[in-house]
Amino acid sequence: MSGGLTSLSFPKNAHAALANPPLLKAIAHIEETLVSGRRRATEALPEFEALRDAGRDIKAHTLAHLDLYLEAFERKVMEAGGFVHWAADAADANRIILDICQKAGARRVTKGKSMITEEVGLNAYLQANGIAPVETDLGEYIIQLRGETPSHIIAPAVHVNKEQVAADFRRVHTDLDPKRNLEEPTSLLAEARGVLRESFLSADVGITGANFLVAETGSTVIVTNEGNGDLTQILPKTHIVLASIEKVVPTLEDVATIMRLLARSATGQEMSVYTTFSTGPRRPGDPDGPEAFHVVLLDNGRSAMLGSEFEDMLRCIRCGACINHCPVYRSIGGHAYGSVYPGPMGSVLTPSLQGLEKSAHLANASTLCGRCESVCPMRIPLPKMLRHWREKEFERHLTPKKARFGLAAWRFLATRPRLYGLATRFGAWGLARLAGRDGALRQVPLAGGWTRWRDLPAPEGGTFRTEWAKRGRK
Amino acid sequence: MSSRDAILGRIRRSLGVSDSDATRPAAVRHRLAETPVNVVPARGQLPDAERIDLFVRKVGEVFATVVRLEGRDDIPAAVAAYLRDRNLPQAIRRGDDPRLADLPWEREAQLAVATGPSEGRDLVGLSHADAGVAETGTVVLTSGPDNPTTLNFLPDHHIVVVDASTVAGDYETVWADLRRRFGAGLMPRTVNLVTGPSRSADIEETLLLGAHGPRSLHILVVG
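Line by line, the protein sequences give chains A and B. According to my numbering, the stretch in the first sequence is residues 109 to 582, in order. According to my numbering, the stretch in the second sequence is residues 2 to 224, in order.
Simulated from the structure, these hints should not be mistaken for laboratory data. This one's a predicted model, so the numbers in the text were calculated from it and none came from an experiment. Possibly wrong hints are sitting among the right ones.
Stated by the list, open to error - List of simulated lysine to any residue pairs, SDA-like, C-alpha gap at most 20 Å:
no., chain 1, residue 1, chain 2, residue 2
1, A, K500, A, N472
2, A, K345, B, G117
3, A, K211, A, S310
4, A, K510, A, A555
5, A, K133, B, L208
6, A, K270, B, L209
7, A, K345, B, G121
Can you build the whole structure from these sequences, using the hints too?
Here's what the structure looks like:
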């Protein structure tokens with residue numbers, strides 16, 4: 109990523125996002141497209157819940173045998189004539205990929221959409237070493253022109269409107285007629301198609317990620333809608349796949365099961381347009397396809413998540429459903445998180461990959477409403493894991509002083525039931541007195557963060573405990 | 002220590018497993034050899050005629066067009082008709098696959114048929130699918146000496162022939178067929194599952210057809 113992590117400025121970022129009407133308008137589309145699309149698609153498949161169970165079980169089994177499935181996958185790739193490289197961290201992965209590009213004498217590199225290359229910061233690294241990679245997914249291409257990072261894992265340019273895209277195209281595509289009409293999304297798409305065709309046909313190396321690695325066959329699988337990933341991997345002489353270790357699944361049957369969950373959860377499609385299995389380089393007699401096939405397997409902190417309270421996160425298939433359904437993401441968009449992966453899945457994953465010290469705010473960027481878990485195709489208990497991070501944040505004294513003081517004061521009261529009862533009764537009485545005639549509080553001492561944006565309803569009657577005592581267990 | 006050994010070692014330490022545990026490799030060998038089937042939707046589990054009807058309906062739902070033909074010999078005329086209907090030049094490119102090469106192309110005197118991979122200058126590509134999947138209206142294309150993958154992605158229009166007898170209810174049936182033809186654990190270099198024409202919703206979440214791959218997908222179901 110070009111901007112670097114800014115998760116520590118999350119509160120400031122979120123405030124800025126809330127004061128950015130074009131951004132809020134752009135992300136509002138998510139409701140009528142991705143959210144309603146998912147609902148329609150899942151309701152149309154009676155087996156969807158059973159598939160979620162099966163998907164979870166496949167990943168749980170695979171993670172429990174991850175070392176063995178990776179070895180099996182590696183063996184099959186090599187049998188098919190491909191190469192497998194192991195990268196312990198981002199620096200390893202970048203070095204390996206640059207080395208392959210340099211040995212192939214590459215000057216032009218195309219890229220399919222890949223969050224993992226964002227995670228390792230591949231574009232910046234290649235650029236610093238004299239290779240300019242071209243993003244070919246339309247959304248990725250747009251944000252590359254803008255010098256931005258993706259604000260969503262499947263809709264990277266969801267924060268950009270069409271007028272901004274038109275302005276960027278005019279700025280960069282200077283050899284085209286300046287008077288051309290770029291008002292409609294169709295003309296923008298046609299222009300990008302024309303410009304990127306040249307890149308596809310002249311690339312020396314194509315780099316993609318992978319949605320799956322199949323241990324049974326040594327295949328890497330990409331799932332796309334545009335076809336750019338396929339043009340990236342079949343046209344250049346060298347195809348490099350960068351994939352993290354938890355992408356491996358045992359068999360084709362297991363791919364089929366998760367495929368049925370992926371597109372429905374992501375975009376509401378029953379199946380993405382292109383699901384492509386690549387196994388080794390081109391075979392004798394093949395008229396096209398890459399002559400060299402490399403898979404780079406990236407760990408980057410994942411092996412340490414196994415056996416920990418965050419292991420379940422390794423089941424994630426990057427569909428983005430948790431992001432689309434998150435009320436926090438939907439209020440501020442993806443950039444405010446300041447991390448490569450936004451939304452609930454990002455808030456769980458980022459501290460694991462980058463360290464809690466650099467991302468302590470993220471676990472608090474959630475209301476713990478539970479919508480993310482309820483739509484997660486792999487049944488990942490995201491709220492539970494966000495709570496784990498909050499606990500660790502407190503244990504490591506990363507919580508702000510004011511909040512620590514508040515928590516300590518609450519603990520003092522909560523462990524003294526009589527005092528707690530007295531304090532809450534006094535508090536309820538006091539707040540009721542402070543309220544206006546409409547029963548709403550516009551200002552509350554120590555709660556300015558709440559009342560700045562909305563009124564607090566004043567307590568009516570007694571506290572929960574006094575009511576409970578009064579009514580008994582009837 | 003190599004990165005490989007370091008990563009595998011860390012995984013084993015995190016999982017708390019040792020090399021001497023023989024049950025784990027046995028479980029992995031078993032799953033890879035037996036390839037157990039998980040949950041398969043009932044949707045595609047239909048008698049032949051209804052399954053093909055479902056395939057045709059699903060193909061339509063994903064913005065592809067579809068025509069049913071009685072026999073293989075009808076393919077050249079159907080291709081020529083497609084080109085005429087869309088005001089396209091009478092020219093296509095296809096692979097050397099005998100299922101396409103052995104058709105009566107001479108009946109369409111106006112139609113220029115080129116063969117081999119595409120270099121990006123062809124308006125229309127013609128391919129033969131290995132199978133269809135009724136569940137989602139998907140066609141399955143495999144690469145090989147006679148079946149260039151570039152034809153599936155570079156031309157503006159992609160015409161795909163599917164033999165009705167190869168339309169399966171689900172993906173699992175297709176996997177079983179691939180194993181029978183290529184061997185257990187072996188795959189052709191490229192297997193493309195294609196469901197509709199290329200599309201993008203990257204500009205304001207507006208669905209547009211024809212992003213980088215074919216702008217239209219036309220399927221000929223034979224038999």
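Against the structure, the hints:
1. In summary, the hint linking A:K500 to A:N472 is supported, as the alpha carbons are separated by about 12 Å, within the 20 Å threshold.
2. Under the criterion of a C-alpha separation no larger than 20 Å, the hint pairing A:K345 with B:G117 is consistent with the structure, at around 18 Å.
3. Between A:K211 and A:S310, the direct Cα distance comes to roughly 17 Å. Compliance with the 20 Å bound is thereby established for this hinted pair.
4. Annotation: proposed proximity of A:K510 to A:A555 holds, straight-line Cα distance about 12 Å (limit 20 Å).
5. The suggested pairing of A:K133 with B:L208 holds, with an alpha-carbon distance near 18 Å, which does not exceed 20 Å.
6. For the suggested pair A:K270 and B:L209, the alpha carbons sit about 13 Å apart, so the restraint of at most 20 Å is met.
7. For the hint linking A:K345 to B:G121, the alpha-carbon distance of about 16 Å falls within 20 Å, and the restraint holds.
Comparing the model with each earlier hint shows no violations; every hint is respected.
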